[in-house]
Amino acid sequence: MIEFQNVAHGYGGSPLLSGMTLTLAPGSFHFLTGPSGAGKSTFLKLCYGELTPVAGRISAFGQDRAEMSRDDVARLRRRIGVVHQDCQFLDHLPLEENVALPLTVAGRAADATELKELLSWVGLSGQVRSLPPSLSGGERQRAALARAVIMSPEMLLADEPTGNLDWEMSLRLLTLLVELNRMGTAILVATHDLNLIRAAKAQVAARVLRIKGGQVQMAGAEL
Amino acid sequence: MRAFLGRLGALLTGDPRADRVVPPSGAAAWLTLLSAGAMAFLAVFALALSLATGRLAERWAGALSQGATVRISAPAEQMAAQTRLVLDILAVTPGVGSARALDTAETRALLAPWFGPDLPVDSLPIPQLIEVTETGDGFDAEGLKLRLSAEAPGATLDDHQRWRRPLVAAAERLRSLGFLSLGLIGGAMAAMVTLAAQAALAANGQVIRTLRLVGARDIYIARAFVRRFTLRALAGAAAGTLAGMIAVALLPAADEAGGFLTGLGFAGTGWLWPLAIPPFAAIVAFWATRAAALRTLREVQ
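Heads up: the protein sequence lines correspond to chains A and B, in order.
The first sequence begins at 1 in the working numbering and counts up one residue at a time.
The second sequence begins at 224 in the working numbering and counts up one residue at a time.
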């Protein structure tokens, strides 16, 4: 699905990540952990094409990132759902239109029943006409998750999705991610919340990647 | 052509869902509307100037090229003989339709604006004037001048070329300046729309990043901005054009005494020309916004 071959990336000439070789397979569940500034968000951005590697090769769904046009990157993002910590909504549109945005930009109309079911799945049935600024942090994260999966993506990337949530809400979001993975979506969650990782490993066969010294390593059994 | 018309139709009809993804642009919207209206208003006057000076140049060139004057300066006792001689020469000159000597009353009328109506024309050594009307092909002015200087030394041919040329050149220069003004107005409007579009794009940086994140292609995002600015420019220019045409229509009507200024306006089918301004403004806005949008989008991954 997504393959990294000896990939390196950095900002302003100094390397942040280097020598990364790994594969994110279909249906897999990975956590990506490491201290702040280690390069977790950079790794995710490399996955969905916001950044291009300075060295090495990234292949997404069989297509080389270096050969992708901007339209190819847009098409890639219709196959990869992304949930950011700060969410990013269109504040002038109600929740249901924000959630349906990936369909809208793809020129497709949202099926009203499916949209209703999706909002019900993330527990936002009562907020369909609410504007994003009026939502709580947990509601925004769940709305971002609903938007990320509305195109039935083959992979979901989540960058610190529980960063602003209490433990109860974090577990609720984790349950949604596990359900999604069981339906066949590959999941990659960047987080520094080790309790969340332990809670996930109790439910699903998740693998943990750790960024250390600019290298991505498989974490040991301590997690 | 069919593809172009399809795109034009899609631009005009739009996609309500796609239109909603870009929030209202506030000041940029009004800036586009007002600048397009003001530029269209000015463009109507530049167009009126160009067309009026064009008509004037043609009229001057046409009217003056059909006439010429022979001036005879001779002692009083030779004046009648020289006049007869010149009329005989003109009668056999190819290209001369008719020729007649101005009588005393006509000469007095000609000089009245400068010397008053009581000028004693008969007692003054005033040259005899002969009015010459050309046929369609005209006459050989140089040949006629040579013959007059040989046979009637006091006669001088004035075919009006000497003072007609600067007038016609001035009118044509004015027409060119009018068209140059139209070009400058179009350029200024493109710059204004580009600035307004760039301001709107900069203000909507977060919207653009979010749209890219969920898989929007550049052309989809650009189209949302382009459609908005194109329609605003079209509406503003239509209002400005209408106002300009009303203002031109309210100018004093052309008359002989008023001369050039009262002839500044449109005539006949000339009134159709301003109708091209709003579509032209829309085309300028379309390309200016499209270029600005695609340039801005390239900076967003």
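It should be emphasised that the hints constitute simulated quantities derived from the structure, not laboratory data.
Backbone N, C-alpha and C define an ideal beta-carbon position, used for all residues, glycine too.
Among the clues, some could well be false.
Derived DEER-like restraints, expressed as beta-carbon distance ranges [unchecked claim]:
1. A:Leu-131 <-> B:Ala-514: 26 to 34 Å
2. B:Pro-239 <-> A:Arg-79: 46 to 54 Å
3. A:Ala-66 <-> B:Ala-514: 36 to 44 Å
4. A:Asp-166 <-> B:Ile-506: 49 to 57 Å
5. B:Val-523 <-> A:Ala-66: 18 to 26 Å
6. A:Gln-217 <-> B:Pro-247: 45 to 53 Å
(request) Starting from the range 49 to 57 Å, see whether the pair Asp-166 (chain A) and Ile-506 (chain B) falls in it by beta-carbon distance. (result) holds, 56 Å
(message) Between the beta carbons of Ala-66 (chain A) and Ala-514 (chain B), is the distance compatible with 36 to 44 Å?
(response) violated, 27 Å
(request) Kindly confirm whether 18 to 26 Å is satisfied by the beta carbon distance between Val-523 (chain B) and Ala-66 (chain A). (result) holds, 19 Å
(message) 26 to 34 Å was suggested as the range; check whether the CB atoms of Leu-131 (chain A) and Ala-514 (chain B) agree with it.
(response) This hint holds: roughly 33 Å between Cβ atoms.
(message) Can you tell me whether the CB distance of Pro-239 (chain B) to Arg-79 (chain A) sits inside 46 to 54 Å?
(response) violated, 27 Å
(request) Check the following: the C-beta atoms of Gln-217 (chain A) and Pro-247 (chain B) are separated by a distance inside 45 to 53 Å. (result) The hint (45 to 53 Å, Cβ to Cβ) holds, given that Gln-217 (chain A) and Pro-247 (chain B) are roughly 49 Å apart.
The structure fails hints 2, 3 (numbered hints given earlier, in ascending order).
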